[in-house]
Each structure stands twice: as structure tokens, then as C-alpha cells.
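Sequence positions in the sequence shown follow the numbering used here and run 259 to 610.
Treat each hint with caution, since some may be false.
Said to hold, decoys possible - In silico DSSO-like links for lysine-lysine, alpha-carbon gap of 27 Å or less:
#: 1; residue 1: Lys-301; residue 2: Lys-510
#: 2; residue 1: Lys-278; residue 2: Lys-597
#: 3; residue 1: Lys-284; residue 2: Lys-301
#: 4; residue 1: Lys-301; residue 2: Lys-278
#: 5; residue 1: Lys-278; residue 2: Lys-412
#: 6; residue 1: Lys-510; residue 2: Lys-597
#: 7; residue 1: Lys-288; residue 2: Lys-278
#: 8; residue 1: Lys-412; residue 2: Lys-597
#: 9; residue 1: Lys-301; residue 2: Lys-417
#: 10; residue 1: Lys-288; residue 2: Lys-301
#: 11; residue 1: Lys-383; residue 2: Lys-288
#: 12; residue 1: Lys-489; residue 2: Lys-383
#: 13; residue 1: Lys-417; residue 2: Lys-597
#: 14; residue 1: Lys-412; residue 2: Lys-489
#: 15; residue 1: Lys-278; residue 2: Lys-417
#: 16; residue 1: Lys-489; residue 2: Lys-510
#: 17; residue 1: Lys-510; residue 2: Lys-278
What the hints assert, rightly or not - Label pairs and their in silico Cβ distance ranges:
#: 18; residue 1: Asn-350; residue 2: Ser-390; range: 41 to 49 Å
#: 19; residue 1: Asp-279; residue 2: Glu-431; range: 41 to 49 Å
#: 20; residue 1: Gly-460; residue 2: Pro-439; range: 17 to 25 Å
#: 21; residue 1: Ile-441; residue 2: Val-512; range: 51 to 59 Å
#: 22; residue 1: Ser-310; residue 2: Pro-439; range: 35 to 43 Å
#: 23; residue 1: Pro-388; residue 2: Asp-320; range: 29 to 37 Å
#: 24; residue 1: Val-422; residue 2: Asp-279; range: 45 to 53 Å
#: 25; residue 1: Arg-384; residue 2: Asn-511; range: 24 to 32 Å
#: 26; residue 1: Ile-441; residue 2: Ser-295; range: 35 to 43 Å
Since the hints were derived computationally from the structure, they do not count as laboratory data.
As the structure is a computational prediction, the values presented were derived from the model and not from experiment.
Just so it is clear, CB atoms sit at the ideal spot from N, CA and C, and this is done for glycine as well.
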Amino acid sequence: MADLPTHTIVFEILTRLPAKDVGRSKSVCKQWYALLSTQDFVKIHCSRSVVSSNQRVLLIDDLTCSVRPIISNNNDYGPSSTVTFPFHHQNNDVSILSHLNGLLCVCLNHTYELLLWNPTTTAFKRLSTPDSHGFYINNLDAIGLYVDADDDYKVLHIKRRSGVLGVYVYSREVDSWRNIPFITRQKYLSPHFNWSAGTFCGGTLYFTVCECWIGGTNVVIRFDVNSEQFKEISFPPVPSNGMVQGVLVNVKNVLHMFASTGMFEMTIDLWTLQGDYWIKVLSCPPIPPISLSLWCDITHYVTNGNWFVMTKLGKLFTIEMDMKPFECFYPVSWFRGFKGAVFVQTIVSPSI
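Based on the sequences and whatever the hints tell you, model everything.
Listed below in C-alpha cells is the structure:
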């Protein structure tokens with residue numbers, strides 16, 4: 259260690275600081291400000307920040323927006339701290355559409371504008387443009403946030419407008435939108451199909467595409483973020499005699515799906531993707547059926563080897579799994595009647 263240059267030692271120490279301490283350290287001197295602002299530093303700091311102790315839950319209701327730590331030993335939240343939105347909004351009408359490495363892609367519901375926002379640093383970037391890019395309509399559009407091989411953060415926006423499809427990619431590096439082709443079955447562009455938000459896993463964005471009636475078609479569409487090609491893969495072989503919902507989760511860079519099926523009562527199976535095929539991890543989980551009145555917006559997260567399935571109304575189900583303990587929570591976007599997301603605290607900027 260004594261033979262290492264001082265610059266290297268300082269770099270190694272600072273990349274292990276909490277995100278908020280990095281922000282304060284920028285004011286120490288010009289040299290530190292320059293060092294802590296480089297993309298190399300941000301990338302390494304981000305890779306070292308993706309740990310369970312650095313996770314936070316952001317919750318939005320009609321009156322407040324708060325951030326809370328996660329207490330993993332009792333699967334609960336710690337004391338909350340209030341967050342003030344750095345952008346104009348109306349009555350907290352902010353929807354979280356996607357999140358990755360401390361960045362949230364959000365929509366302002368009163369203007370339909372898309373933004374990238376880091377709630378730790380409070381920095382944000384508006385993605386809307388005068389030529390109508392960057393505007394999101396719920397139930398018609400789909401959003402996915404990802405990083406490509408060049409470490410450029412991007413947003414994939416699938417837009418459906420009166421039977422006309424547009425697929426656009428926003429690049430943080432060049433700060434602009436561009437159109438890309440959508441090459442798969444055109445019927446999936448119909449409003450009869452519900453697209454999930456994109457889940458980023460292993461260099462690919464995955465979307466569930468489910469037809470909005472009993473016995474309808476259900477598929478998974480994947481988008482290779484480097485070749486920018488779409489491909490259809492099969493849905494897990496679940497019964498189609500009821501409503502079907504698939505929720506995708508990236509667990510340690512392996513794609514999983516909770517597949518909910520049923521009519522008046524719902525059951526849930528857990529699947530994992532291996533190549534182009536789904537392998538069932540859990541069959542007939544030991545939980546009571548979830549009634550149709552509760553199953554909408556099912557949320558789940560995992561820690562210490564247990565999955566927790568939480569309904570929109572706050573009812574919690576626990577699934578004990580014979581698997582190695584996980585270190586992190588893996589959520590979708592609704593919590594106990596709040597809108598929210600689990601994110602890691604980083605210094606990743608929404609703009610260059």
C-alpha cells in the first residue's frame with residue numbers, strides 16, 4: 259500500500275464513500291471536484307454502491323414523498339425522511355416508470371412529461387422536446403431504462419397512438435431521441451395488449467405483453483440493447499383459463515417472473531428464464547389464494563431467502579424458498595397503496 263501513488267489511494271477510498279458524502283467531498287478542493295466528476299469515478303462508485311445496505315425505498319402518496327432505509331432483519335422500513343421534488347408538480351402526481359443504478363425515469367401526470375431523476379443528488383433532466391418526444395400516456399406506452407455497452411444510459415419509449423406505433427430511444431450521451439424499427443408481430447401494438455415496464459437484465463430489456471381478456475395471448479418481448487433488435491419469446495406455460503399477469507424481476511442478473519393466474523382466486527408460480535425457456539422454481543406456493551379484488555398491482559420483494567408478495571391494499575403473503583439467501587430486495591413499482599421504487603443511492607447523473 260505504501261508504494262501506491264497518493265492519487266490511487268484517494269481514488270480507492272472515495273469510491274467507497276456513500277453517495278451523499280461524495281457530493282460533500284467535491285467542495286474540498288478543485289482536484290477532488292475534478293476527480294469525483296469523471297465518468298470513470300462515477301462508474302466504479304456505482305458498481306460499489308449496489309449493496310443491500312445502500313438500498314432505499316422511495317414512497318409517494320397524495321401528500322408526501324419520503325425515502326426510507328430497509329431493515330432487512332425484520333423486512334420493514336426504517337424512519338423516513340421527506341423528499342422535496344426539484345421539479346414542478348401538482349399534488350405529487352409523479353409516477354415512477356423505471357429505475358436503474360440510482361436513476362428513476364418518472365412521468366409528470368399533469369403534463370405527461372418524462373424525466374430522469376436522481377433522488378439522492380436531486381439532479382433531474384427533462385426528456386420532453388418541442389417535437390413531441392418524451393411524453394408518456396399511461397396504458398398505451400411502455401418505458402425501459404438501461405445501460406448499453408458504451409456505458410450510455412438510455413430510455414426506450416414504445417408509443418401507441420391511434421393504431422400508429424413509434425419506438426424511440428433517448429441517449430443521455432447525445433441528449434436526443436431517435437426512432438428505431440419494431441420488428442415483431444404488429445398485433446401486439448393493439449391497445450388490447452397491456453405492456454409492462456421494461457426490466458433490464460443481462461444486456462436485454464424484457465417486457466411482458468398480455469392480452470386484456472381471459473384466454474388471451476401472453477408473450478415476452480425482449481430488446482437487445484446493443485443490437486437494438488426485438489425478439490419474441492414464449493410466456494411460461496401457465497393455465498389460460500383465467501386472468502394472467504406476469505411480473506418480471508432481475509435477481510442477480512438472472513431474469514425471474516411471478517406468473518399470477520386464476521379467475522376469482524389467484525395462484526402464483528415463480529419461474530426463471532434459461533436461454534429462451536422458462537424453468538419453474540416454485541410450484542404451488544404455500545400461500546392462500548389471492549382474491550381477484552386484491553390481486554391487481556401485486557408487489558413483491560425478496561430477502562433472506564423469502565419472497566414477499568404484497569397486494570395493492572397492503573395484504574402481505576410470504577413464500578419460503580429453498581434457495582440461497584439473497585442480499586437485496588427486488589421490487590416492482592407499487593407499495594402498500596403508495597407509488598414507489600427501491601433504488602440504490604448513487605451519484606449517477608441524469609445528464610452529461
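Do the hints match the structure? See the list:
1. Between the alpha carbons of Lys-301 and Lys-510 the distance comes to roughly 18 Å, so the proposed pair stays at or under 27 Å and holds.
2. As the CA atoms of Lys-278 and Lys-597 are separated by approximately 24 Å, the hinted pair is consistent with the 27 Å bound.
3. For the proposed pair Lys-284 and Lys-301, the alpha carbon gap of about 16 Å is at most 27 Å, so the pair holds.
4. With a CA separation close to 16 Å, the supplied pair Lys-301 and Lys-278 stays within the 27 Å bound.
5. Distance check on the hinted pair: Lys-278 and Lys-412 sit about 24 Å apart at the alpha-carbon level, within 27 Å; holds.
6. A C-alpha spacing of about 24 Å is found between Lys-510 and Lys-597, which places the hinted pair at or below 27 Å, so the restraint holds.
7. Simply put, Lys-288 and Lys-278 have alpha-carbon atoms about 18 Å apart, close enough for the 27 Å limit, and the pair holds.
8. For the hint pairing Lys-412 with Lys-597, the CA-to-CA distance comes to about 23 Å; that is within 27 Å, so the pair holds.
9. Proximity of Lys-301 to Lys-417 is assessed by CA-CA distance (about 31 Å); at most 27 Å being required, the pair is judged violated.
10. Between Lys-288 and Lys-301 the alpha-carbon distance is near 20 Å, which keeps this suggested pair within the 27 Å criterion.
11. Taking the CA atoms of Lys-383 and Lys-288, the gap is near 25 Å; set against the 27 Å cutoff, the hint holds.
12. With a C-alpha separation of about 30 Å, the suggested pair Lys-489 and Lys-383 falls outside the 27 Å cut-off, and the hint is violated.
13. The suggested pairing of Lys-417 with Lys-597 holds, with an alpha-carbon distance near 22 Å, which does not exceed 27 Å.
14. Taking the CA atoms of Lys-412 and Lys-489, the gap is near 19 Å; set against the 27 Å cutoff, the hint holds.
15. For the hint linking Lys-278 to Lys-417, the alpha-carbon distance of about 36 Å lies beyond 27 Å, and the restraint is violated.
16. For the hint linking Lys-489 to Lys-510, the alpha-carbon distance of about 23 Å falls within 27 Å, and the restraint holds.
17. Of the pairs offered as hints, the one joining Lys-510 and Lys-278 holds, with about 25 Å between alpha carbons and a cut-off of 27 Å not exceeded.
18. Our hint of 41 to 49 Å for Asn-350 and Ser-390 is violated, since their Cβ atoms are close to 26 Å apart.
19. Between Asp-279 and Glu-431 the Cβ separation comes to about 27 Å, which falls outside the hinted range of 41 to 49 Å.
20. Checked against the hint of 17 to 25 Å, the pair Gly-460 and Pro-439 passes, with Cβ atoms roughly 23 Å apart.
21. Against the hinted window of 51 to 59 Å, the Cβ-Cβ separation of Ile-441 and Val-512 comes to about 26 Å, which falls outside the hint.
22. At about 40 Å, the CB distance of Ser-310 to Pro-439 agrees with the hint of 35 to 43 Å.
23. In this structure the hint that Pro-388 and Asp-320 lie 29 to 37 Å apart at CB holds, the actual value being about 31 Å.
24. Val-422 and Asp-279 have their C-beta atoms about 48 Å apart, which keeps the hinted 45 to 53 Å range intact.
25. Take Arg-384 and Asn-511: their Cβ atoms lie about 31 Å apart, and the range 24 to 32 Å holds.
26. A beta carbon spacing of about 40 Å between Ile-441 and Ser-295 agrees with the range 35 to 43 Å that was offered as a hint.
In terms of the numbered hints stated before, the structure departs from hints 9, 12, 15, 18, 19, 21, listed from lowest to highest.
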